[in-house]
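Start from the sequences and build out the full structure, keeping to the hints where you can.
2 protein chains.
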Amino acid sequence: MSPAHAQLFLENFHHVATFGATDANGVDRQAATPEDKLSRDWFAHFARARGWEVRVDGIGNMFALLNWTPGAPYVVIGSHLDSQPLGGRFDGAYGVIAGLHAAAELDERVKSGSDDGSSAVPQFNLAVVNWFNEEGGRFAPSIMGSSVFAGLMDEEGMLCVKDLAGVTVREALESIGYLGTDERPEVAGYAEIHIEQGRILERENLTIGAVDYSWYTQKLDIEVLGEQSHTGATAMADRHDALVAASKLVLLVHDVTQKFDEEAIVSSVGHMTLEPNSPIVVARRVHLVADLRSASPEIVKEARASLIEDIAKIAREHDIRINVNDFDIRDIQYYPENGLELIEKAAVNLGLGVRRMRTMAGHDSVAMNRIVPTVMLFIPSVDGVSHCEREFTTDADMVSGLVTLTAVAWEMVNGALEDEPKDPDLDDVQDQLSQDVSAR
Amino acid sequence: MSPAHAQLFLENFHHVATFGATDANGVDRQAATPEDKLSRDWFAHFARARGWEVRVDGIGNMFALLNWTPGAPYVVIGSHLDSQPLGGRFDGAYGVIAGLHAAAELDERVKSGSDDGSSAVPQFNLAVVNWFNEEGGRFAPSIMGSSVFAGLMDEEGMLCVKDLAGVTVREALESIGYLGTDERPEVAGYAEIHIEQGRILERENLTIGAVDYSWYTQKLDIEVLGEQSHTGATAMADRHDALVAASKLVLLVHDVTQKFDEEAIVSSVGHMTLEPNSPIVVARRVHLVADLRSASPEIVKEARASLIEDIAKIAREHDIRINVNDFDIRDIQYYPENGLELIEKAAVNLGLGVRRMRTMAGHDSVAMNRIVPTVMLFIPSVDGVSHCEREFTTDADMVSGLVTLTAVAWEMVNGALEDEPKDPDLDDVQDQLSQDVSAR
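These protein sequences, in sequence, are chains A and R. First residue of the first sequence: 1, per UniProt numbering; consecutive thereafter. First residue of the second sequence: 1, per UniProt numbering; consecutive thereafter.
Just so you know, the hints here were simulated from the structure itself, not pulled from any lab data. Check before you lean on any hint, since a few could be wrong.
Said to hold, decoys possible - So the derived list for chain R, only partly shown, Cβ under 7 Å to chain A, looks like this:
| # | residue |
| --- | --- |
| 1 | L225 |
| 2 | Q228 |
| 3 | M236 |
| 4 | H240 |
| 5 | P279 |
Predicted model, so just to flag it, every value in this text is computed and none were measured. C-beta atoms are modelled at their ideal positions from N, C-alpha and C, and glycine is treated no differently.
Below, the structure is given as structure tokens:
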């Protein structure tokens, strides 16, 4: 990749970060908002300007197709352009923009190669994807677009999901002009690059993470049903305060991690709503969502059992009802070994430090890994923070990640993750890329 | 009051309860909503059908004026037609509808008396009021319309208050056609009847409460500022979770009452919002409102000081900022002694059990008591519950309250609460009313 191309990539990245930009260097670009539309329009323009076909499917996923070999399936690369409310500008957007630029680089390579006949056209076509609603901040659950694509979630059901203002996914996508009807591309493999959202690469001074498995995760949907009453006129002893019970529950969910080894499990309540939510009314109903994650399914199940037992005690103590439902259970997913080796080889050839690591966060690649050979790459996150405005990754790490992704995608379109991998000219390509990156 | 008139009152009461009716016998008729408009239109129609003048002021308060003596000030009776979300059908609405029917009864008495010359026209005119936004569920603070009327809150500031959807009071009132420009009536006195919202009358088998003072109350506006982060990727030790800190705070506010004698103080958190409120994001900011009430200002102040100290500890423990601001401080208000005697005398004359009692809840009468001689009457609440759908008071108690209010209002328009009370024919009137009620 030429220094000029790397520079153009960085300019594009920082331009997209202006869509929904916040005062504190973050972005607020939730799914199917006007800000999301700006980033989608930009994606479509980038693709069409290069003569690529753009498709939008029935759940708002966008695909830019590079049709090198008519009829061949696609290796898909990308991530998502939506963000959390007051989120960071790297989470998701980096992977999409890196995907577009990796595709541009490979498109040039294929076209110049096929012009002079020096190189065969790759076995697979290439596509870049912008998945709908990975974040799930506005519309739950998260990882929606890729999960529908992979057949893990029902499209019709997801189109009916409402945000807090009562707007459905269908209405929101229609309102920004991105409820599509295009046919979904046939997929041969999937690659995604993303910021780590943790401190491991930074601590170990490495540039590339090769994701070997995703944590076991599950959520608990919890409804606390007390009795509405007057905050002034109701004696303390006569109350069935749903918020007092819910507050104990939030602390239970937080403290349950202390029953296990340090960093063995994380748990959180990030979503909670009160009814009627009036300063002078004791709450009737509190709805909250608890999120449990661990490398070990057994630890999550043990934490869940402990919570269920303690929640029942709180319900008895306050003489109220608490309904708990399991949802969004995601089993450990292992990424294919030959994909990990592909990432490691590409990084080493580029002179970049690399290690294998699990992901605690969910990603679109976790859904895609269920249906096609999938690889996931990480680059460092400064201080390990994400889902916040001070999320940060250096330009140098972003470019190193882009070059690695380009190398990996090239191998994949040439069939590297097929059952019998072909490996015609990996080293040559990597040498060339390695020179490019060191020339920056 | 004739049995037919009592029957009409009950029919009207139960009709108004259909505006915003909920499935569980409550009403959801928040300030300046389409449901509130229905009740306001009904009020205006009731008044105009009887030839009374209707005025709407700049904060949406509605007055029905009975102009017996041109130029004389008004004794105002009434309450509010707005409700809490999923509130009860008695809170507020009972006082307005009883006010309208007391006025209708007295209007008939004055007009028939002045026709045959047997009775002098009262010294004061009479008005019935429907105060805007007593509940404060949609627009904080509560007791808004009467407080603006009494000069305790700034009208322009209140018109700019927004609900959770960002709609201002001004826009909401305009949208239902009740942002008025009429001149406010000059007031000589105020009377309000309301359900007790407590168990005292029910326990002691009494029908009328004469409110002698209001509790000292104050609110704390609390902002908990943590750091937004990813629920999956952020280690527990690296978090500054605003919701975990806020949950501890809710429990502190609840438990502080245990430092004092039983029923000496009530405290609550009824309002709380999270940002960004996403299931997979650790909360950045939690905003909540604590409500403290006691008969003793010293107890509230001691509880507040204890909370401030404990909140500072939580902020240090979680390394986050917590901002606490006092607001909505309402001192103890004593109702005038001659008003209490007036209620007691009226009740005794009607054969109704009566006692003096404080109000723990705020009411429009608390605001009006700051500017004119004011009386407040209670009738029983079954089980003491209110601000909820199962709020209940019997028809018999409602009619007894109406008859008592009518007697009290008659004395007031005849100058009973002036510095030198005149008491021309109280006993005669009460005898007549007493017969009416026993005939039901």
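Here's how the hints hold up against the structure:
Against a cut-off of 7 Å between C-beta atoms, the interface hint on L225 (chain R) is violated, since the closest Cβ of chain A lies about 13 Å away. A least Cβ separation of about 4 Å between Q228 (chain R) and chain A falls short of the 7 Å threshold, and the interface hint therefore holds. Annotation: interface hint on M236 (chain R) holds; nearest CB of chain A at approximately 5 Å, less than 7 Å. Hint on H240 (chain R) is violated. Least Cβ distance to chain A is approximately 10 Å, over the 7 Å limit.
The criterion of a C-beta within 7 Å of any C-beta in chain A is met by P279 (chain R), whose closest approach is roughly 4 Å, and the hint holds.
The structure is inconsistent with the numbered hints 1, 4, although it conforms to all the rest.
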